Amino acid sequence: MYRILFKNPLWKKWFLRFLLPVGIIVGWEILAVVLDNPFILPSIESVLEVLLHPFTDILGNGSLFDNAMISLGRVIVGFLVAAALAIPLGIGMGRSESVFELFDSVMQLLRPIPPLAWVPLALAWFKIGLVSMVFIIGLGAFFPILLNTLDGVKGVKKTWVEAAEILGARERQVLSQVILPGAAPTIWTGMRVGFGIAWMCVVAAEMMPGTNSGIGYLIMSSYNWGQVQVIIAGIIVIGLIGIVIDYGFKFVDQRSFKWRELER
Amino acid sequence: MTLIIDHLSKQFAKNGQETVDSLTDINVRINDGEFICILGPSGCGKTTLLRIVAGLENPTTGKVLIDEVMIDSPNPKLGMIFQDYSLYPWRTVNENIVFGLELRGVGKEQRAKVAQEYLELAGLSGFGNSYPYELSGGMRQRVAVVRALAVDPTVLLMDEPFGALDAQTRNKLQHDLLEIWDKTKKTILFVTHSVDEAVFLADRIVVLTPRPGHVCEVLPIELGRPRDRTSVEFAKIRRYVLDLINQPKCSFS
Chain A
1 MYRILFKNPL WKKWFLRFLL PVGIIVGWEI LAVVLDNPFI LPSIESVLEV LLHPFTDILG
61 NGSLFDNAMI SLGRVIVGFL VAAALAIPLG IGMGRSESVF ELFDSVMQLL RPIPPLAWVP
121 LALAWFKIGL VSMVFIIGLG AFFPILLNTL DGVKGVKKTW VEAAEILGAR ERQVLSQVIL
181 PGAAPTIWTG MRVGFGIAWM CVVAAEMMPG TNSGIGYLIM SSYNWGQVQV IIAGIIVIGL
241 IGIVIDYGFK FVDQRSFKWR ELER
Chain B
1 MTLIIDHLSK QFAKNGQETV DSLTDINVRI NDGEFICILG PSGCGKTTLL RIVAGLENPT
61 TGKVLIDEVM IDSPNPKLGM IFQDYSLYPW RTVNENIVFG LELRGVGKEQ RAKVAQEYLE
121 LAGLSGFGNS YPYELSGGMR QRVAVVRALA VDPTVLLMDE PFGALDAQTR NKLQHDLLEI
181 WDKTKKTILF VTHSVDEAVF LADRIVVLTP RPGHVCEVLP IELGRPRDRT SVEFAKIRRY
241 VLDLINQPKC SFS
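Protein chains in written order, with this note's numbering: chain A, 1 to 264; chain B, 1 to 253.
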């Protein structure tokens, strides 16, 4: 049996891929039965029960689906604000030595600070609400987008720009017709990484005191009510949404920026 | 049209204070419709010379004049072809060819017409909707040549355009370039380090010394066209040029 399975490389691959997930599920269920304490480790059925009814209200906090959408909305707003600031700044820093020198030191200083370290300051400045969250989320997404935009702009071939100039391009045309499309794949990578970090930040931001919606709030509140199966279901939903979004970014990348891999 | 390179020198700053001479006192006068090859060893500054003519760099002293107008920035009368083709990989072949027209605001219909015309000139009919990465090196360089031609410059500047190609493709492209030159009556300034290429293509060869480059001889090639690389006359001239670049006056500065 073992020999036959491992003769076919495809079977072997899928066997290995499923081995650990199946092992975890089986181990979890055994442990849950042995422990027999739903406040520490609920059974798989009770978690599935929550996941299979995503539109059912949970403890008066709204449904799993509603809260996930609220979180997603916040991330999108924060992410868009970050991209709207980081992309132009990155292009400016990549194109102009002066702009680079002007901003680089402050950016280097701010970059290593984890977005969550800003939470108390965000609360002090903006109080609880969308602005605070957008601030935290935006900080998370900002730096990956900025650094990748900068990298992408610097990576644009010099002769691409010169060829355009010789064909009569003005500075604005060089920017829109050469720099932007040339740097687009790298900028997109930055956005992909940035969105991933923004998604992590929103969940943490929603655990701030005084929040009353979002998937982060839902799992925190479920902890207070001892609903561990909701916590686990929430965590799974967070992971799944993250995967779907990342896949979306990857999909666009492979379709639109095929030239990056195929060039030379 | 006349293109005049007048007492042109170029120095580069090296580690702040020191300067390195790249080109010294270059004087060349290029007439309408001429095919000029600039021949010199690697590092002699021939690419720098071409870039100055293109308006991409400024000379330290001296000037370049086209029809008595000084060149200090890219000029619509000059087109350039780079060794690395420098096609835009996110644009199709057609979109690359008409890029210059697009920048000038030429309408879509007119652009499609021009694209078709130049695609045929490049011998690439049927490849208009392909992307550069789907083409061979030789095909890419053909696209780069017609992209430069599509905006109808008077002078074509070519910076070792066939340097990255294999010998067979290279010979074919040289042949095709002469055909295009004959059809379009452009003036061509062609940089190369290959004696064979220069003798095959040029009306006159401008021989540069090693760094700092200066003109050691301007050599007219009085061979009828089409030229036969395997002929005795061709071999004689090639031998003469090879001897010339080994003479002290051309190999030391």
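No lab work stands behind these hints: they were computed from the structure.
Worth double-checking, as some hints may not be accurate.
Within a straight-line C-alpha distance of at most 25 Å, the following computed BS3-like cross-link-like pairs (lysine-lysine) qualify [what the hints assert, rightly or not]:
1. A:157 to A:258
2. B:63 to B:113
3. A:258 to A:154
4. B:63 to B:77
5. B:77 to A:157
6. A:250 to A:13
7. A:158 to B:14
8. A:154 to B:113
9. A:157 to B:185
10. A:158 to B:185
11. B:113 to B:185
Small disclaimer: the values here were computed from a predicted structure and weren't measured.
Tell me, which hint numbers fail for this structure?
Hints 2, 8, 9 and 10 not satisfied by this model.
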